[in-house]
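Colleague: Just so you know, the sequences run in chain order A and B.
Numbering-wise (the working numbering), the first sequence opens with residue 1 and increments by one.
Numbering-wise (the working numbering), the second sequence opens with residue 1 and increments by one.
Errors might be hidden in some of the hints.
Since copy identity is lost for identical chains, a pair holds within one copy or between any two.
What the hints assert, rightly or not - Derived pair list, reagent style DSS-like, types lysine-lysine, alpha-carbon separation capped at 27 Å:
#  : residue 1 : residue 2
1  : 124       : 211
2  : 342       : 205
3  : 104       : 342
4  : 223       : 312
5  : 104       : 206
6  : 312       : 23
7  : 211       : 104
8  : 286       : 342
9  : 205       : 131
10 : 223       : 182
11 : 205       : 125
12 : 122       : 107
13 : 211       : 182
14 : 2         : 261
15 : 223       : 205
16 : 286       : 131
17 : 23        : 261
18 : 261       : 125
19 : 320       : 124
20 : 3         : 182
21 : 104       : 124
22 : 104       : 223
23 : 107       : 206
24 : 312       : 251
Treat the hints as calculated values from the structure; they're not laboratory data.
Number of protein chains: 2
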Amino acid sequence: MKKHNFNSGPSVLPQEVLEQASKAILNFNGIGLSILEIGHRSTWFVDVIEEAKSLVRELMNIGDEYEVLFLQGGATTQFMQVPMNLLDASETASYCDDGVWGSKAAKEAALFGNVHIAASSKDKKYTYINKNFDVPATSKYLHITTNNTVEGTQWQSFPNVSMPLIGDMSSDIFSREIDFKKFDLIYAGAQKNMGAAGVNLVVLKKDLLGKIERKIPTILDYKNHIEANSLLNTPPVFAIYVSLLTLRWIKQEGGLKEMEKRSIEKANLLYSTIDSLPIFNCPIAKEDRSNMNAVFFIEDENLQTEFLDLCKENGMIGVKGYRTVGGIRVSMYNALELSSVKAFCDLMRDFASKN
Amino acid sequence: MKKHNFNSGPSVLPQEVLEQASKAILNFNGIGLSILEIGHRSTWFVDVIEEAKSLVRELMNIGDEYEVLFLQGGATTQFMQVPMNLLDASETASYCDDGVWGSKAAKEAALFGNVHIAASSKDKKYTYINKNFDVPATSKYLHITTNNTVEGTQWQSFPNVSMPLIGDMSSDIFSREIDFKKFDLIYAGAQKNMGAAGVNLVVLKKDLLGKIERKIPTILDYKNHIEANSLLNTPPVFAIYVSLLTLRWIKQEGGLKEMEKRSIEKANLLYSTIDSLPIFNCPIAKEDRSNMNAVFFIEDENLQTEFLDLCKENGMIGVKGYRTVGGIRVSMYNALELSSVKAFCDLMRDFASKN
Chain A
1 MKKHNFNSGP SVLPQEVLEQ ASKAILNFNG IGLSILEIGH RSTWFVDVIE EAKSLVRELM
61 NIGDEYEVLF LQGGATTQFM QVPMNLLDAS ETASYCDDGV WGSKAAKEAA LFGNVHIAAS
121 SKDKKYTYIN KNFDVPATSK YLHITTNNTV EGTQWQSFPN VSMPLIGDMS SDIFSREIDF
181 KKFDLIYAGA QKNMGAAGVN LVVLKKDLLG KIERKIPTIL DYKNHIEANS LLNTPPVFAI
241 YVSLLTLRWI KQEGGLKEME KRSIEKANLL YSTIDSLPIF NCPIAKEDRS NMNAVFFIED
301 ENLQTEFLDL CKENGMIGVK GYRTVGGIRV SMYNALELSS VKAFCDLMRD FASKN
Chain B
1 MKKHNFNSGP SVLPQEVLEQ ASKAILNFNG IGLSILEIGH RSTWFVDVIE EAKSLVRELM
61 NIGDEYEVLF LQGGATTQFM QVPMNLLDAS ETASYCDDGV WGSKAAKEAA LFGNVHIAAS
121 SKDKKYTYIN KNFDVPATSK YLHITTNNTV EGTQWQSFPN VSMPLIGDMS SDIFSREIDF
181 KKFDLIYAGA QKNMGAAGVN LVVLKKDLLG KIERKIPTIL DYKNHIEANS LLNTPPVFAI
241 YVSLLTLRWI KQEGGLKEME KRSIEKANLL YSTIDSLPIF NCPIAKEDRS NMNAVFFIED
301 ENLQTEFLDL CKENGMIGVK GYRTVGGIRV SMYNALELSS VKAFCDLMRD FASKN
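This is chain A alone, in the form it adopts within the complex (with noise of 0.2 Å):
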């Protein structure tokens, strides 16, 4: 029976991309050796990071005023290094708390410094995204989560604001064309749209460094990782170069825009579907649907968990809400294919037409 990987992350990949991956854990490039078995510091993989920040900029469209690294430790990593390298301790930071991850990120800011909630959608239990927001003239930076993959939200554009603006893209990086321009520094966690669990991407303007007066771990200065082209230390070679791999079929179907193309084609169908059948509710406001994971619910609980255990017995995989939110949670990053999104579909209308 074929699967369909709704997973949260990590997600589905492209099929190539395991393809040329399973490969080169045999024989990378035809080398003779495996892609685990050889020196971050060799050309062979050299050449795949050079690469790899290189397809970075182009479909990012983005220029030598940002620098491209490739770190560990996932976005949890990047809610304390953020402000460890940007904010000093009598600074105000400013958060956009529009979610699970946001508001886990305003916390960690919080032992660096002073942290503001510039707007909140916390009272209506996260369903919109509050554009409400004040900030202060005097914040170091504005920080917002530009796809919230727990509540189903995501930003569809970005404020204009006077100080550096931050995005966590993790659920949402590479997944349409958008101005990446209006950021600042811009970090995800690879382990949806761009590659293997296991490695972050950060984008940054190399001037937000060096204005503050904390002295910072060397493994957790940005500066150091700059400097040492993402090889400070062994970084994680295989997660990096599965990475590449995507990256360089996101290239080749049409980059973001081509991206951007089928994810909303897959999300018109499918919140179509929810909102033509009365069985099922998505609590989300319209305007701030999430086009990569959408969240929604069957009023009874009984029929929900009925529903939940159909689309087991169908071979789709990770459709259960996140623990805190519970209903039904359906992620369609780029490599989920619209037949998967159709049969969902196929799979609510028979399940609604029985209930």
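Since chain A is already given, all that's left is putting chain B on it; use the hints.
Modeller: Relative to the frame of chain A, chain B by itself:
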């Protein structure tokens, strides 16, 4: 031509581990999904991490007084994470400075408290292990590097001290039978004897924790990782899986006793060949020579370059010494076959006879 992989890390892995890893990228355990596409909280992956932890305990012969964690960021992250978790600003930690890595570890600790260098072998360019250390009784802990990858020295027995003993075992973990219970905290980057780059093993006694006043960022607090069972955030799924495969392989081959036997055989063959050929010079004190990384030289730099070129021509990979040390370095991790050392010794003898 067969490649002989003497890389210092990332380095050679067992062929069957590579084959299993390659398969799992296409279809993990026959479930119809790639290991790269499964959720980290799925029972599939929880089974992986639990088995890996259990094998670590079994191979190390340690009990429940120790916690086993799989973290990210390499040993360099542990350099700061250890003192951040264990050392208050007014306290002192002792470090043995027997090489570049121990020296870097001490430097990071100085950001968090006072550092006492208990012994150093810097006086003789780190060509021996200085066992003549002095540790103040009030030291919060003593930190040693059990094997110096760069300089080619190794602790052959471990000190008895009254304070917690911490070991960076990145380059000799699982290579020999030792009394791991002498240590209170052990850490090791995976990319040598344990698996793929991108995961760290940290084994620690829980009672070390909670004894300082510093507020620790969520992701850097060992306590949080213990409570979350190494699933605090998305872990490096694939790197942990490769570690599991390697741990299984170690057990199946006969455990640490057998790894040690093979390791001694390989090292004895190499060092006796070096010592028998006057053109090669190993400056490392005999009793401190590493069974993992042999560091040696040809005095005439031109001849040395000629020899390194010859190695390359003969498929001997990764034998150039570390950039700050120079010379020749031959790494002989668990997965390196005796036949590779034999081939290398043949090449040395051949070269010596002609020069």
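Colleague: Determine for every hint whether it applies to the structure shown.
Modeller: Status of each hint after checking the structure:
1. 124 - 211: Result: close neither inside a copy nor across copies, 37 Å intra and 40 Å inter.
2. 342 - 205: neither (41 Å within a copy, 51 Å between copies)
3. 104 - 342: neither (35 Å within a copy, 55 Å between copies)
4. 223 - 312: neither (46 Å within a copy, 35 Å between copies)
5. 104 - 206: Cα proximity of residue 104 and residue 206: in one copy and across copies (25 Å, 25 Å).
6. 312 - 23: Cα proximity of residue 312 and residue 23: across copies only (24 Å, versus 30 Å in one copy).
7. 211 - 104: both (24 Å within a copy, 25 Å between copies)
8. 286 - 342: Within one copy only: 21 Å inside a chain, 69 Å across chains, cut-off 27 Å.
9. 205 - 131: within (25 Å within a copy, 47 Å between copies)
10. 223 - 182: Intra 22 Å, inter 38 Å, cutoff 27 Å: intra-copy only.
11. 205 - 125: neither (34 Å within a copy, 40 Å between copies)
12. 122 - 107: Within one copy only: 15 Å inside, 43 Å across.
13. 211 - 182: Within one copy only: 21 Å inside a chain, 44 Å across chains, cut-off 27 Å.
14. 2 - 261: within (25 Å within a copy, 48 Å between copies)
15. 223 - 205: within (11 Å within a copy, 34 Å between copies)
16. 286 - 131: Within. Shortest intra-copy distance 14 Å satisfies the 27 Å Cα cut-off; inter-copy 69 Å does not.
17. 23 - 261: neither (31 Å within a copy, 33 Å between copies)
18. 261 - 125: Answer is neither; intra-copy 30 Å and inter-copy 61 Å both fail.
19. 320 - 124: within (21 Å within a copy, 61 Å between copies)
20. 3 - 182: neither (38 Å within a copy, 48 Å between copies)
21. 104 - 124: within (18 Å within a copy, 49 Å between copies)
22. 104 - 223: both (24 Å within a copy, 17 Å between copies)
23. 107 - 206: both (25 Å within a copy, 25 Å between copies)
24. 312 - 251: Result: close neither inside a copy nor across copies, 33 Å intra and 36 Å inter.
In the structure shown, a violation is registered for the earlier hints numbered 1, 2, 3, 4, 11, 17, 18, 20 and 24, in ascending order.
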